[in-house]
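Student: This is what each chain is made of:
Number of protein chains: 2
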Amino acid sequence: MSGQPKGWEAIRAEVLRRIRARDWAPGEAIPNEADLAAEFGCARATVNRALRDLAAAGVLERRRKAGTRVALHPVRKATLDIPVTRAEVEARGQSYSFRLLQSEMALPPVPVALKLGLAPGSRLLHLRTLHLADGKPFLHEDRWLNPAALPQPLPDFAAISANEWLVTHVAYTSGDIAFSAENASDAEAAILGLPKGTALFVTERSTWSEAQPITAVRLAHAPGYRLHTLV
Amino acid sequence: MSGQPKGWEAIRAEVLRRIRARDWAPGEAIPNEADLAAEFGCARATVNRALRDLAAAGVLERRRKAGTRVALHPVRKATLDIPVTRAEVEARGQSYSFRLLQSEMALPPVPVALKLGLAPGSRLLHLRTLHLADGKPFLHEDRWLNPAALPQPLPDFAAISANEWLVTHVAYTSGDIAFSAENASDAEAAILGLPKGTALFVTERSTWSEAQPITAVRLAHAPGYRLHTLV
Numbered sequence: 004m005s006g007q008p009k010g011w012e013a014i015r016a017e018v019l020r021r022i023r024a025r026d027w028a029p030g031e032a033i034p035n036e037a038d039l040a041a042e043f044g045c046a047r048a049t050v051n052r053a054l055r056d057l058a059a060a061g062v063l064e065r066r067r068k069a070g071t072r073v074a075l076h077p078v079r080k081a082t083l084d085i086p087v088t089r090a091e092v093e094a095r096g097q098s099y100s101f102r103l104l105q106s107e108m109a110l111p112p113v114p115v116a117l118k119l120g121l122a123p124g125s126r127l128l129h130l131r132t133l134h135l136a137d138g139k140p141f142l143h144e145d146r147w148l149n150p151a152a153l154p155q156p157l158p159d160f161a162a163i164s165a166n167e168w169l170v171t172h173v174a175y176t177s178g179d180i181a182f183s184a185e186n187a188s189d190a191e192a193a194i195l196g197l198p199k200g201t202a203l204f205v206t207e208r209s210t211w212s213e214a215q216p217i218t219a220v221r222l223a224h225a226p227g228y229r230l231h232t233l234v
Numbered sequence: 004m005s006g007q008p009k010g011w012e013a014i015r016a017e018v019l020r021r022i023r024a025r026d027w028a029p030g031e032a033i034p035n036e037a038d039l040a041a042e043f044g045c046a047r048a049t050v051n052r053a054l055r056d057l058a059a060a061g062v063l064e065r066r067r068k069a070g071t072r073v074a075l076h077p078v079r080k081a082t083l084d085i086p087v088t089r090a091e092v093e094a095r096g097q098s099y100s101f102r103l104l105q106s107e108m109a110l111p112p113v114p115v116a117l118k119l120g121l122a123p124g125s126r127l128l129h130l131r132t133l134h135l136a137d138g139k140p141f142l143h144e145d146r147w148l149n150p151a152a153l154p155q156p157l158p159d160f161a162a163i164s165a166n167e168w169l170v171t172h173v174a175y176t177s178g179d180i181a182f183s184a185e186n187a188s189d190a191e192a193a194i195l196g197l198p199k200g201t202a203l204f205v206t207e208r209s210t211w212s213e214a215q216p217i218t219a220v221r222l223a224h225a226p227g228y229r230l231h232t233l234v
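The listed protein sequences correspond, in order, to chains A and B. Position 116, counted from 1, in the first sequence is what the working numbering calls 119; the numbers after and before it change by one each time, with no gaps. Position 136, counted from 1, in the second sequence is what the working numbering calls 139; the numbers after and before it change by one each time, with no gaps.
Calculated from the structure, these hints are not laboratory results. Among the hints, a few may not be true.
Note that identical chains are pooled: a pair holds if it fits in a single copy or bridges any two copies.
Quick list of in silico lysine-lysine cross-link-like pairs, DSBU-like style, CA-CA up to 35 Å [what the hints assert, rightly or not]:
| no. | residue 1 | residue 2 |
| --- | --- | --- |
| 1 | K199 | K68 |
| 2 | K199 | K139 |
| 3 | K139 | K68 |
| 4 | K80 | K118 |
| 5 | K139 | K118 |
Computed from a predicted model, the values in this text were never measured in an experiment.
Same shape as in the complex, but just chain A (with noise of 0.2 Å):
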């Protein structure tokens, strides 16, 4: 590391072979960045892109206050694209449509109740929307909707699935997503039709806007589903 300027792919490289030789060890800090970019004859913000790129990286561990650590257990980050299901069929070059199997004001199973914080006994709009790829099953969605927390009136989610007009209707939300697997119980079987038993891809979301329970959903997804990112 001498000689004429170096890009950050340089520096990063660098910074990797000490960690990896434990130059620097599991959980210490490293030199601060004026330091290396001393060290290394580069501008600062050179150093500070490497960085940030091994952080996003999980090799790095950067804290306001405790400056920048080697990760004691580097973790690899994925980022998932999460787009309405119209969206995800439609850019598998097939043909969407959906089925509205369900809609009616019930109470909610007690883990969906606690886990949109609701008070027992609030009752919330169930939705079951069959979604199909080419006119074939795709998913079998099964969604708890808070109707106090939404903008009225409702549309009928019979013409605009639930998840679509949550999208283009609702502010900005948060919430957390779980994927798991799942054999198929006999009526979610029967309504995607597939063989009792079945492995299921399911998705679990919860959806706030600011601090009001919004949704809490279920989607079961036909064989041959695969989520798929770059790491």
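Please build the complex by placing chain B on the supplied structure of chain A, with the hints as guidance.
Tutor: Chain B in isolation, oriented as in the chain A frame:
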């Protein structure tokens, strides 16, 4: 939007309001940052912060030359942590162990060879490892390693898992990752101690270091596994 200086959250809320109200329609370019800053009576950096947040949320699309547009298909993004298996088990408060089931040079199946871009007939190191949490099967790892691209000598993979060794000994990598659900084959059900056909959460990764293919791995998780994150 007038009166005292605005925080970036207020700018974000106003931008979102205009998008929801279709004052700014999907696909349409929005005014530039300088004009918005003048209109809102705030610093341009404040506008920038708000727009970046909305772009990260998939509501806006920012292109270097085309400027900032309202997304045609809003895409939420989620970031996943991909820790090494030992750290994942320990984070659950369980004790980690593993057993190397198989280690031999072999011809990979065609899909693996294609995925890694290997010449036909290339032999790879085939490792199969059972990872345990509190002594119970946690996941079955089926891995193909390209020894030509690895630092030598290779370690004893019965003493350190390939997963952990790669993270600490192979330079910064890129690759892809996919998640799906599969019914356990009879062989995999036996390894994991599960009934035949149990739904397994499957993670598949392929990894490169610079332009060299390093490894392709399939992780089949025992039931109860959930990949969870905030959105």
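Student: Please work out whether the CA atoms of K199 and K68 approach to 35 Å or closer within one copy, between two copies, in both situations, or in neither?
Tutor: Intra 55 Å, inter 52 Å, cutoff 35 Å: neither.
Student: What label fits K139 with K118 when the C-alpha limit is 35 Å: within, between, both, or neither?
Tutor: For K139 and K118, both the intra-copy (32 Å) and inter-copy (29 Å) Cα distances are at most 35 Å.
Student: How would you classify K139 and K68 at a CA-CA limit of 35 Å: within, between, both, or neither?
Tutor: Answer is neither; intra-copy 54 Å and inter-copy 40 Å both fail.
Student: State whether the alpha carbon distance between K80 and K118 is at most 35 Å within one copy, between copies, both, or neither.
Tutor: both (26 Å within a copy, 21 Å between copies)
Student: How do K199 and K139 come out at 35 Å by Cα distance, when the copy is not named: within, between, both, or neither?
Tutor: both (17 Å within a copy, 27 Å between copies)
In this structure, the earlier hints numbered 1 and 3 are contradicted, and the remaining ones agree with it.
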